[in-house]
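Number of protein chains: 2
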Amino acid sequence: MTQVTLNVEGMSCNHCVKAVEGAVQNAGGTAKVDLASKTVEIEFEESKATLKAIKEAIEDQGYDVV
Amino acid sequence: MTQVTLNVEGMSCNHCVKAVEGAVQNAGGTAKVDLASKTVEIEFEESKATLKAIKEAIEDQGYDVV
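Chains as they are written, first to last, in numbering that gives the first Met the number 0: chain A, 0 to 65; chain B, 0 to 65.
Just so you know, not all the hints are guaranteed correct.
Below, in silico cross-link-like pairs of lysine-lysine (DSS-like), each with a Cα-Cα straight-line distance of 27 Å or less [to be verified]: (1) B:K37 x A:K37; (2) B:K17 x B:K37; (3) A:K37 x A:K54; (4) A:K51 x A:K37; (5) B:K17 x A:K17; (6) A:K17 x B:K54; (7) A:K47 x A:K37; (8) A:K31 x A:K54; (9) B:K51 x B:K37; (10) A:K47 x A:K17; (11) A:K31 x A:K17; (12) B:K47 x B:K17; (13) A:K17 x B:K37; (14) B:K17 x A:K37; (15) A:K54 x B:K17; (16) B:K51 x B:K17; (17) B:K47 x B:K37; (18) B:K51 x B:K31; (19) B:K54 x B:K17; (20) B:K31 x A:K17; (21) A:K17 x A:K54; (22) B:K17 x A:K31; (23) A:K17 x A:K37; (24) A:K17 x A:K51.
Far from chain B, some chain A residues (derived; all Cβ distances over 10 Å) [what the hints assert, rightly or not]: (25) Q24; (26) N25; (27) E42; (28) E45; (29) E58; (30) V64.
What follows is a list of derived Cβ distance ranges for each label pair [unchecked claim]: (31) A:E44 x B:N25: 38 to 44 Å; (32) A:A52 x B:T4: 42 to 48 Å; (33) A:N13 x B:V64: 15 to 21 Å.
These are computed hints drawn from the structure, not numbers from a lab. Where a beta carbon is used, it is the ideal one built from N, C-alpha and C, also for glycine.
Produce the complete structure using the sequences and hints provided.
Structure follows, in structure tokens:
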């Protein structure tokens with residue numbers, strides 16, 4: 000299992016939390032958003048997902064991975 | 000047609016806009032949210048909806064009508 004913490008700009012409310020967590024799940028990982036610190040803890044199997052695809056899924060929801 | 004502008008706290012993103020506009024529609028009115036001014040322009044027919052029910056629908060989504 001690979002673990003990464005991303006800094007993500009633009010998340011402001013619980014709808015954003017669900018949008019980001021859902022996008023990461025669809026990309027094959029799991030995510031835990033912390034709104035206060037603007038971070039997303041990601042876990043994924045290298046055999047099932049890529050960090051690139053997960054980042055793109057978050058950005059497709061309208062957020063900036065910084 | 001009755002028109003009312005409400006001040007609503009807690010709306011931060013486009014998900015919030017959709018949540019508020021959808022809640023007002025479900026309560027029998029129409030709504031246009033302006034995030035910058037934290038206002039919601041409401042229209043409804045007195046025969047079909049009440050302002051009380053519309054305000055409650057917005058608050059049920061987790062926002063404060065002030």
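Hint numbers not upheld by this structure, sorted from lowest to highest: none
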